[in-house]
Each structure stands twice: as structure tokens, then as C-alpha cells.
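Visitor: Counting from 1, one number per residue, gives the positions in the sequence shown under this note's numbering.
Treat the hints as calculated values from the structure; they're not laboratory data.
None of these values were measured; they are calculated from a predicted model.
Treat the hints with care, since some could be wrong.
Estimated spans, in silico, between C-beta atoms of each pair [said to hold, decoys possible]: (1) Ser213 / Glu48: 49 to 55 Å; (2) Ala128 / Leu62: 18 to 24 Å; (3) Glu98 / Ser194: 16 to 22 Å.
Glycine included, C-beta positions come from ideal geometry on N, C-alpha and C.
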Amino acid sequence: MYAPSVQRLITELGKLPGIGQRTAQRLAFHILRTEPADANALAEAIREVKEKIGLCEVCFNLTDEPRCRICQDQRRDHGVICVVEEPSDVIPMERTHEYQGVYHVLGGALSPIEGVDPEDLKIAELLARVGSPTTQAVGESANGSAGEPVREVVLATNPTTTGEATALHIAEQLRARAPKLTVTRLASGLPVGSDLEYADEVTLGKAFAGRRSV
């Protein structure tokens with residue numbers, strides 16, 4: 001139906017998550033209607049991000065430097081590590097303005113069905129961070145001899161079957177490696193503004209288990 005170059009654009013756009021065939025077509029025709037400068041700017045932005053963005057050598061968050069800005073920030077509490085599945089999970093954590101520690105990005109979650117084993121995630125690197133003093137200065141090595149020890153690891157994997165399995169596995173590994181280390185899990189339960197009648201039994205159960213005094 002379309003010229004080969006247009007069909008190729010539609011096909012490539014359709015590979016993006018959440019983009020179906022019709023949406024890909026609309027995006028392709030939108031790009032065709034835009035000014036050449038705007039289309040070239042989009043292409044240049046994609047090229048630049050693929051060439052310049054990599055993983056932080058310490059926490060494996062996205063960065064255009066050897067270490068991300070969070071790991072370089074000496075104002076952060078480097079004795080507390082929040083473990084998340086993907087780099088995109090760091091953004092909502094930062095938006096809360098409640099967490100002042102650093103992060104560790106696993107690169108996914110355990111899923112034997114999909115062939116994702118512990119060796120495929122950054123779990124060994126997390127254990128190495130816990131076993132070594134934290135590093136705060138840019139010039140120090142990942143396993144530097146300066147810095148404070150890790151006091152707490154916050155497991156913030158997604159509240160899904162794979163996320164829970166990943167959190168349990170990491171908790172067991174951490175307790176075996178560092179028995180004195182505090183290992184916590186993000187609380188889960190009722191969202192703010194919701195009604196009890198719409199909550200499922202699992203959510204209510206989590207809310208009861210995580211209740212606290214007021």
C-alpha cells in the first residue's frame with residue numbers, strides 16, 4: 001500500500017512498546033507532514049542517545065558519563081541502596097523527594113519461564129557493593145577503600161510475581177552475605193484516594209500486613 005521507505009518507517013515504529021499498527025501509521029504520517037528540520041532533529045536525537053548513553057559503572061543507571069549524577073552526588077546517603085528493576089524505575093522514586101540514598105538497577109526481574117536467571121541480572125554486582133565500602137568521589141574505583149559501609153538495602157522491585165521472587169532471592173543472598181545488614185521492602189497496600197470496595201483481597205491483605213500505629 002505504501003512506498004517501501006514509508007512501510008519501513010511504519011514497521012520500525014510498530015516495534016516500539018505500546019504502539020500498534022494504526023498508531024505506527026499515524027506517527028509515520030505525522031513525521032512525513034513535519035518540517036524536514038523537525039524530522040532530522042528527531043533522527044539526530046535517536047542517534048545521539050544510542051551513541052552517548054550507557055550504564056553507570058556503579059549502579060547501572062543510564063548515564064552519559066562513567067558514573068551517573070546520583071552516584072557522583074556526595075550529598076546523597078551512599079550507605080542506603082534502593083534496588084529497582086529498570087532505569088525507568090528511578091524516575092518515580094526521585095519524584096517523591098523522600099529518598100536520599102543511591103540506587104542499584106538490576107536490569108530486569110527473575111523469570112525462569114523467559115529464561116532470566118540470577119546470572120542475567122546485576123545481582124552479583126549488588127552483593128559486591130554490599131561487601132565493599134561505598135564510594136562517593138568520582139575518582140574512586142567501584143570497589144574503593146574509602147567511604148561508609150552499606151547499612152540498608154531497600155528492595156523496590158515491582159509488586160508482581162517476578163518482582164516478588166526477585167526480592168526474595170536477593171534478600172536471601174544479602175542475609176547470607178551480610179547478616180547485620182538491614183534489608184527492607186517497599187510497603188504495598190491501598191492507594192491514596194481509593195475506596196475499599198474496589199480493592200482486591202491481595203491488596204487488602206498487603207495493607208493489613210503493612211499497617212502501622214498512628
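Visitor: Next step is simple, just say for each hint if it's right about the structure.
Guide: Verification of the hints:
1. Ser213 / Glu48: 49 to 55 Å: holds, 51 Å
2. Ala128 / Leu62: 18 to 24 Å: Hint holds: Cβ distance 21 Å, inside 18 to 24 Å.
3. Glu98 / Ser194: 16 to 22 Å: Check passed, 20 Å falls within 16 to 22 Å.
Violation of the numbered hints given earlier is absent; every hint is satisfied by the structure.
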